[in-house]
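K.L.:
Read off the chains here:
There are 2 protein chains.
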Amino acid sequence: MLRLLRTSATSGTFLKCLKSTRSETINFLAHDRLCLVVTRNGFASGTQIEETAKRYPNLKRRTFEKLSEKDVAFFENLLPGRVVTEKSDLEGANTDWLRTCRGSSSILLRPKSTSEVSSILKYCNERKLAVVPQGGNTGLVGGSVPVFDEIILSTQLMNEINQLDHLSGTLQCQAGCILANLEEYVSDYNLTMPLDLGAKGSCHIGGNLSTNAGGVRLLRYGSLHGSVLGVEAVLADGEVIDCMSALRKDNTGYDVKQLFIGSEGTLGVITAVSILCPQKPKFSYVAFLGCKDFQAVLQIYQQAKIHLGEILSAFEFMDSASMDCVKQNLNLKSPVSESPFYVLIETGGSNGSHDEEKLNQFLEKEMNSGTIQDGTVATDSVKINNVWGLRERMAEGLIIDGYNYKYDISLPLTRFYNLVEDMRKQVDGSATRVVGYGHVGDGNLHLNVTSPEYDDKLMKLIEPFIYDWVREEKGSISAEHGLGFKKRNFIYHSKSRSSVDLMKRMKSMMDPNGILNPYKVLPDND
Amino acid sequence: MLRLLRTSATSGTFLKCLKSTRSETINFLAHDRLCLVVTRNGFASGTQIEETAKRYPNLKRRTFEKLSEKDVAFFENLLPGRVVTEKSDLEGANTDWLRTCRGSSSILLRPKSTSEVSSILKYCNERKLAVVPQGGNTGLVGGSVPVFDEIILSTQLMNEINQLDHLSGTLQCQAGCILANLEEYVSDYNLTMPLDLGAKGSCHIGGNLSTNAGGVRLLRYGSLHGSVLGVEAVLADGEVIDCMSALRKDNTGYDVKQLFIGSEGTLGVITAVSILCPQKPKFSYVAFLGCKDFQAVLQIYQQAKIHLGEILSAFEFMDSASMDCVKQNLNLKSPVSESPFYVLIETGGSNGSHDEEKLNQFLEKEMNSGTIQDGTVATDSVKINNVWGLRERMAEGLIIDGYNYKYDISLPLTRFYNLVEDMRKQVDGSATRVVGYGHVGDGNLHLNVTSPEYDDKLMKLIEPFIYDWVREEKGSISAEHGLGFKKRNFIYHSKSRSSVDLMKRMKSMMDPNGILNPYKVLPDND
Numbered sequence: 094m095l096r097l098l099r100t101s102a103t104s105g106t107f108l109k110c111l112k113s114t115r116s117e118t119i120n121f122l123a124h125d126r127l128c129l130v131v132t133r134n135g136f137a138s139g140t141q142i143e144e145t146a147k148r149y150p151n152l153k154r155r156t157f158e159k160l161s162e163k164d165v166a167f168f169e170n171l172l173p174g175r176v177v178t179e180k181s182d183l184e185g186a187n188t189d190w191l192r193t194c195r196g197s198s199s200i201l202l203r204p205k206s207t208s209e210v211s212s213i214l215k216y217c218n219e220r221k222l223a224v225v226p227q228g229g230n231t232g233l234v235g236g237s238v239p240v241f242d243e244i245i246l247s248t249q250l251m252n253e254i255n256q257l258d259h260l261s262g263t264l265q266c267q268a269g270c271i272l273a274n275l276e277e278y279v280s281d282y283n284l285t286m287p288l289d290l291g292a293k294g295s296c297h298i299g300g301n302l303s304t305n306a307g308g309v310r311l312l313r314y315g316s317l318h319g320s321v322l323g324v325e326a327v328l329a330d331g332e333v334i335d336c337m338s339a340l341r342k343d344n345t346g347y348d349v350k351q352l353f354i355g356s357e358g359t360l361g362v363i364t365a366v367s368i369l370c371p372q373k374p375k376f377s378y379v380a381f382l383g384c385k386d387f388q389a390v391l392q393i394y395q396q397a398k399i400h401l402g403e404i405l406s407a408f409e410f411m412d413s414a415s416m417d418c419v420k421q422n423l424n425l426k427s428p429v430s431e432s433p434f435y436v437l438i439e440t441g442g443s444n445g446s447h448d449e450e451k452l453n454q455f456l457e458k459e460m461n462s463g464t465i466q467d468g469t470v471a472t473d474s475v476k477i478n479n480v481w482g483l484r485e486r487m488a489e490g491l492i493i494d495g496y497n498y499k500y501d502i503s504l505p506l507t508r509f510y511n512l513v514e515d516m517r518k519q520v521d522g523s524a525t526r527v528v529g530y531g532h533v534g535d536g537n538l539h540l541n542v543t544s545p546e547y548d549d550k551l552m553k554l555i556e557p558f559i560y561d562w563v564r565e566e567k568g569s570i571s572a573e574h575g576l577g578f579k580k581r582n583f584i585y586h587s588k589s590r591s592s593v594d595l596m597k598r599m600k601s602m603m604d605p606n607g608i609l610n611p612y613k614v615l616p617d618n619d
Numbered sequence: 094m095l096r097l098l099r100t101s102a103t104s105g106t107f108l109k110c111l112k113s114t115r116s117e118t119i120n121f122l123a124h125d126r127l128c129l130v131v132t133r134n135g136f137a138s139g140t141q142i143e144e145t146a147k148r149y150p151n152l153k154r155r156t157f158e159k160l161s162e163k164d165v166a167f168f169e170n171l172l173p174g175r176v177v178t179e180k181s182d183l184e185g186a187n188t189d190w191l192r193t194c195r196g197s198s199s200i201l202l203r204p205k206s207t208s209e210v211s212s213i214l215k216y217c218n219e220r221k222l223a224v225v226p227q228g229g230n231t232g233l234v235g236g237s238v239p240v241f242d243e244i245i246l247s248t249q250l251m252n253e254i255n256q257l258d259h260l261s262g263t264l265q266c267q268a269g270c271i272l273a274n275l276e277e278y279v280s281d282y283n284l285t286m287p288l289d290l291g292a293k294g295s296c297h298i299g300g301n302l303s304t305n306a307g308g309v310r311l312l313r314y315g316s317l318h319g320s321v322l323g324v325e326a327v328l329a330d331g332e333v334i335d336c337m338s339a340l341r342k343d344n345t346g347y348d349v350k351q352l353f354i355g356s357e358g359t360l361g362v363i364t365a366v367s368i369l370c371p372q373k374p375k376f377s378y379v380a381f382l383g384c385k386d387f388q389a390v391l392q393i394y395q396q397a398k399i400h401l402g403e404i405l406s407a408f409e410f411m412d413s414a415s416m417d418c419v420k421q422n423l424n425l426k427s428p429v430s431e432s433p434f435y436v437l438i439e440t441g442g443s444n445g446s447h448d449e450e451k452l453n454q455f456l457e458k459e460m461n462s463g464t465i466q467d468g469t470v471a472t473d474s475v476k477i478n479n480v481w482g483l484r485e486r487m488a489e490g491l492i493i494d495g496y497n498y499k500y501d502i503s504l505p506l507t508r509f510y511n512l513v514e515d516m517r518k519q520v521d522g523s524a525t526r527v528v529g530y531g532h533v534g535d536g537n538l539h540l541n542v543t544s545p546e547y548d549d550k551l552m553k554l555i556e557p558f559i560y561d562w563v564r565e566e567k568g569s570i571s572a573e574h575g576l577g578f579k580k581r582n583f584i585y586h587s588k589s590r591s592s593v594d595l596m597k598r599m600k601s602m603m604d605p606n607g608i609l610n611p612y613k614v615l616p617d618n619d
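Top line first, the protein sequences correspond to chains A and B.
Residue 533 in this note's numbering sits at position 440 of the first sequence, and the numbers go up by one each step.
Residue 534 in this note's numbering sits at position 441 of the second sequence, and the numbers go up by one each step.
Next up, chain A with everything else stripped away, as it sits in the complex:
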């Protein structure tokens, strides 16, 4: 039987267990690093993370120049009061959010304008100093932190909203604007950002573009390659590429802005963004369902596409191991009875009674056909946020286990969950847990293995096993997280040699000295 959260006592209990709203959770997640360190098992007392250069002894520093006092003086003159060199102040920016990568940069620069970014890069290019661009530093593949001693170029002070055209929905802003702040800003005009992800309380829109961030709204609003209208970026030599357009359509010449979307700061540094914001749905409902097997999850998805159609805005799944993780590590409770699989469906529409009717008819049909074992529907924003918390706090729950072996895979839907089952057999007994969750609507599986601390033996069981498995199924080894530092050498598992050769030629053309985010995206010389 379906229980509506707004009328159900059981659900009330469930909701009380969640202390924070969705956005508070996220702020906690990504802003308050210290808090995370304290609560995490593996390094509860602030254990130092091994330096990347030491963990991967075969990786050699490329022949970049080393930062000199003269260089520091140049930057201090260019950015008065906005150059960080104190070691303790650099710790956060040297370490990735997952605490799996740690660089040893001795300088972080905080430009406020495109022209300052241009001056920095021009100087670094001439001096052959390597640079890592950094937004909110919420990436999951070690892409936004130095590997060795690269200069950190942070967009945190580039946070101005420049323009919003209410009628067309075009927002123009600097690259360092935080996604949640933009969402709040455009909400006032009945608009919404075309992307949404767990890290929204910290991640920068420039970083979102650089990594071609996906998230939970991709099903509804499509990829950033479609919704980004304009980009301003600075090339390695300081040249400013102005492709800022407020136009929805513009077929004048090659679509140069696409080069910067998803290239993870290796072809240029994004300094400003123009993005199309869709009309904000006036009504949003969330259903959380329990299902007996993955086949039922797929059947529900197919039916949701047909019966919810244009109001379907998210279709997520979690397996029971995922639910166990958030129950055990975050003390959350499931609003439905125990099931092998769980589905979260979100609708968004312009007419509440129409949406509710569609959703109820659909759920009743699926309950009757037996694909749904148990389910609940949330209709007000606080309860919706709480149900979302079960899915969105997964990353936070997992990190409490210690070290996370994090994989973000695209697969044909029919083979989607088999990888999780095969991985369980592969690492049998060596891991704390193996969980599968993600965006069914996008064919995007988040597969995570955890252990109390980094375990090289376990790592060797997982890789290259997982990459070979994915290649066999013509999947992608990185659906939305990017390749960054950690996955660069597995690119051939998803891309042909001729494509990668073309990528290398693009990199050489646009950054001949290779100063922009080295050791990332492209494979080591092969």
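Keep in mind that the hints are not guaranteed to be accurate.
Identical chains blur together in the list; that is why a pair holds if it fits in one copy or across any two.
Once the Cα atoms are required to be at most 30 Å apart in a straight line, the calculated DSBU-like pairs of lysine-lysine come out as [unchecked claim]:
no.	residue 1	residue 2
1	K215	K375
2	K159	K221
3	K153	K205
4	K375	K458
5	K205	K567
6	K499	K205
7	K215	K567
8	K215	K600
9	K373	K567
10	K597	K221
11	K385	K597
12	K458	K373
Simulated from the structure, these hints should not be mistaken for lab results.
Fit chain B to the known structure of chain A by using the hints.
P.N.:
Leaving out everything else, chain B in the frame of chain A:
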């Protein structure tokens, strides 16, 4: 008062005037060239069109090799029975659909496979023979026909549908598939193509990608940069770039496929396509409205975004001069009383009664507020196609005037229609007509000036006036048609010098001999 076409006698009369359904019209439009020649005023007796090389005497043929008998023999051996050299058989492929450009190629090649395309290009690159790729040849900027004697590489025999994944909606096919055929194919699985345009009965999906075609569904499904999942393309040197992916998300390395979308065949020849097909709306309604001024058009658009929200799938407008054109030249009749402006709104949804309720409530509200003067709603497919015919047969109506000066502009909505009014003043008395119509939802204005035949004096009144006007408003001089041959030298009106420099470097890197579609997209040396 609103009149429903399905119940209205007036509308019945109107509908009888349209002899063909929407797709029949299109087939007539683009397939049957001879028919067009006979019905067009300016060259009713099959007048020869001036050769492009003669019309633009300052344009010099670049130093490509000339086709030799040995070359022809090579191609005949590679493509037995699929090499066209008869002059009369080449007439159609040498001439653009608008009959404004005419090349003098003496050979057309019809490969069936990617490997044949690769062999052709490898040979042409080594021999320095220039090549123009050609799909359905329905482009409007002279991009798909030779300027001088380029070899025509046609995709017309590359028309196999390779795979359709019903669950995820991913279609994979060869580049020469005709858009309408793909729409018909995926319809059987309750899917729809994410783009729709007037030329769909002839245009090839490969050409759609190469020109980043927009059309009437962009408002709903976004641009091809978002909905294309994979591309296979052949570079100038014959190297095959395989970025064919059936995955909705894939962030492994640079998104190389984007290079081929919208570069009009100058960076590579697209040979296969993987595209995401959305769920086909089960119900579709069309409202055709008359409004007193353009301000009312904008007000209706703003309200439609709010009240129709997720079911709004198209929002088009025509001015009274546009309506006069299809009335006079195609003998069509308007289903609403005479008005200065007309709006066509299409909805598509999964629940007919919900959609109808939303649409009726919205229209009643707008009628009461006075923004709508008169209106009619079509609810069955034949009538819907007929109402669409008023808008989609505009190009056909205009061409009957003789020569078309065709402009496809993106502008901020507040300044959208002022250009049409200013153009009328500018060409006062020299033109047959000046009409404005297009995709309000995309900020995309189609502005057309017509005259009985090409008139250099009139042309000089229009250009560069129009481009300067658009630059002033930070618009785009080509929203969806591309630059092709006709607009290449106006690129700086919409793009910065640094962007164009980067484009030139991309071209040099990917096609160092410049054999692919020369004299197109990029400006002549400056």
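K.L.:
Does each hint fit the structure? Answer for all of them.
P.N.:
How the hints compare with the structure:
no.: 1; hint: K215 x K375; verdict: neither (47 Å within a copy, 55 Å between copies)
no.: 2; hint: K159 x K221; verdict: within (9 Å within a copy, 46 Å between copies)
no.: 3; hint: K153 x K205; verdict: neither (33 Å within a copy, 48 Å between copies)
no.: 4; hint: K375 x K458; verdict: both (25 Å within a copy, 18 Å between copies)
no.: 5; hint: K205 x K567; verdict: between (43 Å within a copy, 25 Å between copies)
no.: 6; hint: K499 x K205; verdict: neither (34 Å within a copy, 43 Å between copies)
no.: 7; hint: K215 x K567; verdict: between (41 Å within a copy, 28 Å between copies)
no.: 8; hint: K215 x K600; verdict: both (17 Å within a copy, 24 Å between copies)
no.: 9; hint: K373 x K567; verdict: between (36 Å within a copy, 27 Å between copies)
no.: 10; hint: K597 x K221; verdict: both (19 Å within a copy, 25 Å between copies)
no.: 11; hint: K385 x K597; verdict: neither (47 Å within a copy, 57 Å between copies)
no.: 12; hint: K458 x K373; verdict: both (28 Å within a copy, 21 Å between copies)
Checked against the numbered hints listed earlier, the structure breaks hints 1, 3, 6, 11; every other hint is satisfied.
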